[in-house]
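Enquirer: When you get a sec, could you build the whole thing from the sequences and use the hints?
There are 2 protein chains.
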Amino acid sequence: MRAKARAYTNIALIKYWGKRDETLFLPTNNSLSMTLDRFYTETSVDFDATLNQDQFFLDGHQVDHQEMKKISTFLTKVRSFTGEGRFARVDSVNHVPIAAGFASSASGFAALAAAAMKATGTDFSKRELSQIARQGSGSASRSIYGGFVEWQKGVEDDGSDCYAVPILDQDAWDLRILSIEVTHEVKKVLSREGMKRTVETSPFFEGWLQAAAADLMEAKQAISDRDFTLLGETLERNALRMHATTLGANPPFMYWQSSTVKVMEAIQALRMEGLEAYFTIDAGPNVKVVCQPEDEQQLLSALNKLAVVKHIYACRIGPGVTYLDV
Amino acid sequence: MRAKARAYTNIALIKYWGKRDETLFLPTNNSLSMTLDRFYTETSVDFDATLNQDQFFLDGHQVDHQEMKKISTFLTKVRSFTGEGRFARVDSVNHVPIAAGFASSASGFAALAAAAMKATGTDFSKRELSQIARQGSGSASRSIYGGFVEWQKGVEDDGSDCYAVPILDQDAWDLRILSIEVTHEVKKVLSREGMKRTVETSPFFEGWLQAAAADLMEAKQAISDRDFTLLGETLERNALRMHATTLGANPPFMYWQSSTVKVMEAIQALRMEGLEAYFTIDAGPNVKVVCQPEDEQQLLSALNKLAVVKHIYACRIGPGVTYLDV
Numbered sequence: 001m002r003a004k005a006r007a008y009t010n011i012a013l014i015k016y017w018g019k020r021d022e023t024l025f026l027p028t029n030n031s032l033s034m035t036l037d038r039f040y041t042e043t044s045v046d047f048d049a050t051l052n053q054d055q056f057f058l059d060g061h062q063v064d065h066q067e068m069k070k071i072s073t074f075l076t077k078v079r080s081f082t083g084e085g086r087f088a089r090v091d092s093v094n095h096v097p098i099a100a101g102f103a104s105s106a107s108g109f110a111a112l113a114a115a116a117m118k119a120t121g122t123d124f125s126k127r128e129l130s131q132i133a134r135q136g137s138g139s140a141s142r143s144i145y146g147g148f149v150e151w152q153k154g155v156e157d158d159g160s161d162c163y164a165v166p167i168l169d170q171d172a173w174d175l176r177i178l179s180i181e182v183t184h185e186v187k188k189v190l191s192r193e194g195m196k197r198t199v200e201t202s203p204f205f206e207g208w209l210q211a212a213a214a215d216l217m218e219a220k221q222a223i224s225d226r227d228f229t230l231l232g233e234t235l236e237r238n239a240l241r242m243h244a245t246t247l248g249a250n251p252p253f254m255y256w257q258s259s260t261v262k263v264m265e266a267i268q269a270l271r272m273e274g275l276e277a278y279f280t281i282d283a284g285p286n287v288k289v290v291c292q293p294e295d296e297q298q299l300l301s302a303l304n305k306l307a308v309v310k311h312i313y314a315c316r317i318g319p320g321v322t323y324l325d326v
Numbered sequence: 327m328r329a330k331a332r333a334y335t336n337i338a339l340i341k342y343w344g345k346r347d348e349t350l351f352l353p354t355n356n357s358l359s360m361t362l363d364r365f366y367t368e369t370s371v372d373f374d375a376t377l378n379q380d381q382f383f384l385d386g387h388q389v390d391h392q393e394m395k396k397i398s399t400f401l402t403k404v405r406s407f408t409g410e411g412r413f414a415r416v417d418s419v420n421h422v423p424i425a426a427g428f429a430s431s432a433s434g435f436a437a438l439a440a441a442a443m444k445a446t447g448t449d450f451s452k453r454e455l456s457q458i459a460r461q462g463s464g465s466a467s468r469s470i471y472g473g474f475v476e477w478q479k480g481v482e483d484d485g486s487d488c489y490a491v492p493i494l495d496q497d498a499w500d501l502r503i504l505s506i507e508v509t510h511e512v513k514k515v516l517s518r519e520g521m522k523r524t525v526e527t528s529p530f531f532e533g534w535l536q537a538a539a540a541d542l543m544e545a546k547q548a549i550s551d552r553d554f555t556l557l558g559e560t561l562e563r564n565a566l567r568m569h570a571t572t573l574g575a576n577p578p579f580m581y582w583q584s585s586t587v588k589v590m591e592a593i594q595a596l597r598m599e600g601l602e603a604y605f606t607i608d609a610g611p612n613v614k615v616v617c618q619p620e621d622e623q624q625l626l627s628a629l630n631k632l633a634v635v636k637h638i639y640a641c642r643i644g645p646g647v648t649y650l651d652v
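Those protein sequence lines, which keep their order, are chains A and B. Read in order, the letters of the first sequence are residues 1 to 326 in our numbering. Read in order, the letters of the second sequence are residues 327 to 652 in our numbering.
FYI, nobody ran anything at the bench for these hints, they're computed from the structure. Heads up, some of the hints might be wrong.
[Claimed, not checked] List time: in silico DSBU-like cross-link candidates among lysine-lysine, alpha-carbon distance up to 30 Å:
1) B/522 <-> B/345
2) A/220 <-> B/345
3) B/514 <-> A/310
4) B/631 <-> A/188
5) A/305 <-> B/514
Expert: This is the structure:
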């Protein structure tokens, strides 16, 4: 049985930062994202009785042992959920520029989960798909849906109430996302490790949980009201709060570089001049800027003048998982 | 009765960040500083029965109304403490480069407190002097002493147990402080206002209080053991934690500029290369670096190569308040 799926990356407006279960990928707070229209992963999965182990080809090449193990562990979860008994050959093509600082793991595990579940031939809901994708990479749970998506942390130990839910369709609100690349450098502290150190050592983690819950409420209200100013202020504040927790960790760490702060300063200065745009930053140095369609060109032209800006990828809000012919 | 005093600036290794009483300048956490040897204020005070109001000359010029009011309010506290009935003429000369990001209010109010108390002719202890200086500017309480100084927050509502105590003499440990100027710009959020917004709105303030108490214990242990690595790691961590609280405030604010982060990156890179130095940052964009004497020259030469560095002031540990002939 073979199936193929495409999933897009997403960008968190309210950040996923902290796990309550490392194995099941259960988060400590609800997060909220927009799925993007530009960067995606296409993956085909073929369960094949002649194979005696899983195979994974990324962009046509076999991956290293460590990467293979992650994929195989994930496929084993799919097998145990569906009763599928065979090993699989997985072919994955990433249309996500690593340098842009997007988590290719979100689109990667969402596409893999969708293709693998479909390839087993069993019936499954999007909610179940979100739960399964989550067990490959937390943020993948959100890439199942298009538009604005909330990933609910749930309270159960087994993760049965931990999944993403769509909160606004792709076409319901036209916002633009400029993904600004300031460096190609690989991050020093991986997000998984950074999250763990924050949960274990940062005196700000309790405050983060309370703030993230309040920020989430405001962001949902803003989305419901199509209130761009409220959404923007909330998403920028939430990003700063997430990054503040890492400064408190022991030892402290920081995902920003001086060029990151340069872009932050530029956005705040442009805003003072009346150009409404807000930034968010994930576990890396690059910056994403959210704006309204009418301001996109002016913003692009202002930001392209900054010496620290290497490249800007202009994105819109994108769709959820789609299935492709094999 | 006339008297003249000199007081030096100090730099906090464990930051004063948050007030529990705005009028009495009572802090929410103990802080710890080194008094510096290079920047100071000299102030003379003359209580004169012929005056019908207080007069204040800063660097030979009369200050504006708002500044005058602060000084007069402070002198009234001195009068009520000592029973002095006359108005005063105050002459103050600041040997503190504003651009270096030093709080001239620390040396300023320490010198004013000392000269004013002496000019009243009453007997007073250094502890009382620290308590009085505190009521002009919190950090002035520490500039009464040289060397390493702890400002104890106390628990009483009237501030009677809130004063600085010396914990290590000026000559007991030779450390060097490089004060790095990256900008002349005036800060956007004054420290008094930033502190207040943090206390009132930051979800990280509770975490800060706990962390500051733990950091203080470690810093005191490091000073007692002359353990430079422990002191350095602790002071850098504490500075990052203080700044993290501002990122969580609502609205968020940040004292760093991209050039600040550039210097932070440089210090961390130099440390990776084996040059042991640690940074701290106050409520502004400039950076102070603490190192041992044997590394000072190499550090100066490396930091002077950075394009963002405008000037470096090399300091040593300095003395407490001294009285001068009038």
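Enquirer: Residue 514 of chain B and residue 310 of chain A: Cα distance at most 30 Å?
Expert: 29 Å, holds
Enquirer: Could you grab the alpha-carbon distance between residue 305 of chain A and residue 514 of chain B and see if it respects the 30 Å cut-off?
Expert: At roughly 25 Å apart (the allowed maximum being 30 Å), residue 514 of chain B and residue 305 of chain A satisfy the hint.
Enquirer: Holds or violated: residue 522 of chain B with residue 345 of chain B, Cα cutoff 30 Å?
Expert: With a Cα-Cα distance of about 7 Å, the restraint between residue 522 of chain B and residue 345 of chain B holds, given a limit of 30 Å.
Enquirer: Straight-line Cα separation of residue 220 of chain A and residue 345 of chain B no greater than 30 Å?
Expert: Violated - the C-alpha atoms of residue 345 of chain B and residue 220 of chain A are around 34 Å apart, more than 30 Å.
Enquirer: Take the C-alpha atoms of residue 631 of chain B and residue 188 of chain A, compute the straight-line distance between them, and say whether it is at most 30 Å.
Expert: 25 Å, holds
Going down the numbered hints, you'll see the structure goes against just number 2.
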